[in-house]
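The listed protein sequences correspond, in order, to chains A and B. So the first sequence is residues 108 to 678, counted in our numbering. So the second sequence is residues 181 to 257, counted in our numbering.
Simulated from the structure, these hints should not be mistaken for laboratory data. All of these numbers come straight from a predicted model, not from anything done at the bench. Incorrect hints may appear among the rest.
Claimed, not checked - These stretches of chain B come out as covered by chain A in the derived footprint (C-beta under 8 Å, 3 or more residues): (1) 185-197; (2) 231-244; (3) 249-256.
Said to hold, decoys possible - Sample of chain A residues at the chain B side, in silico, Cβ under 10 Å: (4) N363; (5) M365; (6) A380; (7) R390; (8) T403; (9) P408; (10) Y432; (11) Y532; (12) V563; (13) H565; (14) P568; (15) I592.
Built from N, CA and C at the ideal position, the CB exists for glycine as well.
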Amino acid sequence: MEIWRVNLRTGSLQRGPVPEAWDRLGGRGLLARILLDEVPPACEPLGPSNRLVFAPGLLVGHMLSSCDRISIGAKSPMTRGIKEANAGGTTGLQMACLGIRALILEDLVPSPSHVRTDWRVLHLGPEGARLDPAGDLAGLGVFAAAERLRARYGDQVAISLIGPGGEMRLVAAGIQNLDKERVPSRIAARGGLGAVMGAKGLKAVVFDAAGGSRPPLADPEAFQAARKLFTRNVLEHPQSGLYRDYGTAAMGAMTNAMGALPTRAFASGQFEAVDAISGERLREVMLARGGDGTPTHACMPGCAIRCSNNYAGADGRSLVTPLEYETIGLMGSNLGLSDLDQIARLNWEVNDLGLDAIDLGAALGVAAQAGLLAFGDGDRALALLREIRQGTPLGLVLGHGAAVAGKVLGVIRVPVVKGQAMSAYEPRAIKGTGVTFATSPQGADHTAGNTVRAQVDHLDPKLQAALSRTAQINMAGYDTLGACIFAGSGFSVAPEVIPGLLNARYGWEVGLDILQLLGRETLRLEREFNRRAGFTAVDDRMPEWMTLEPLPPNNAVFDVPDADLDGVFDW
Amino acid sequence: MRVHLHTSLQRPGPAGPVRRLEVDLPAHGTLADLLAMLDLRPDPKGLLLVVNGRTAGPERVLAQGDEVHLIPAISGG
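Looking at chain A on its own, in the form it has when it is part of the complex (with noise of 0.2 Å):
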């Protein structure tokens, strides 16, 4: 496999073998090392020295069960710091068969006025890279332009690509992948990527791998016999019939329960309308209403576990795909909401317009706090989105995300960690998670480190660093390997079977302990991006009025003492 440059001035591009110090590395860990390598960590994120790179994780491209996982990364806008974020869809399986582990796309020709009409596709084919021009694309949302790419290039093509809100430049900007039906619904969405590809006047990047094939395996039927194994430990595990039949949104009840629900500005962490927005009540309703609605759908081609939806309208068609829990969280209970409908349509607002659901619920709840929205009011909510896209003021505070919301409307009271929202985990009521929070190089982020499964006291402060510590090394590891996080029930009950897949593809001889040497890896690499720019133990902190304000119906606060924040990376 090569590494692809691509100079966004020049247009050049350059092909070349991945050099011995990234070769063992993917995803979110190869993005760590070509970041560290390649950009200043002081760098203007939006300026030239900035780098967009797209590194699809190490297995991916076998259509292997959920993992077939594209990271991308560049320094944040948003946090200033590293930042990966990761997507389903058909991205990674494309690029993995263009023969890409990495494509770094460098430099910008800079805008000629403050509002860019000069858009550029890159296409990537196996004949190479060109930049095709797409001023007719300006200003239109993801779901518009998508459908015009595909009718330019074609079906068989992945696209990954940008919105209004990254044209403008938001640092709440995330970049959109297609799933397998090509509906633009993967979102690389955290942490401002969209603003990155924006500020480098790229619209859409289309990979496409006609002719190519599979990336080429040392050893076939180690291979097989490995993926046979893990296919069957995923559809045994009694975690994948649920996410299949309930999707993620499963996990608001369970969170309500233990007093975790964000809830009207993370002011509590129970929702009285739990039901209303249930695992089950979307189940339900998705079932009734038939038409476009399922909530089983598969995101990548290959995935067991489908956890996806699409949830459609009283008419049976779509209202958006799909409907995660993250979202009915931020943009339900965090705003007061109770109708799916609701949720549903501002979900599919912030998605065409390219802009992250979590940050952007956030920021709503922020807004909530100034007055400019009743909590339950979805339909202000709307429409204090839709200024977004008419570029008001208000509509490009709130589309910067909640951190910026919170400073031009002077309220403190705002759930970030470096610059980025707090998904619907309440910190207080998941002390681990919380813990994750804090210190993630990543921003405040579940992904990067989730502990509410485990069964310990969630809100004993005692325990929280050290099972932080183990999440966050695992889904570095996992996010290493192109893994959705659902695929660890296939590979948590056999250890044998992420080692004997990397063998069989690559031919190494790495051991038992390879997620963990992974996951470490990529810590230590974000790390000192990090330190290099500036982050110090200050920036890996709970918001204060966190650690103050009791949260019912426990009357927790965030109470992990700094000293356990601080050696969470000392392993």
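Following the hints, position chain B against chain A.
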């Protein structure tokens, strides 16, 4: 006490899925006793047990008025 059954633990009933049960346990009964009484399938080892908003182990003694959640755990959203 009130027992909340989550997702796959819910059983069909005449008025839709049964999501909540009112249960009387003998004095000093534990979560393990409750699980045995309910004869849950699948295996309760994969359950997250929450009593009055706090995760608890099977040895936890239950009292009248407790709110018990039996949750087939998932690991994230």
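* **In rising order, the numbers of the hints this structure does not comply with** => 6, 8, 9 and 14
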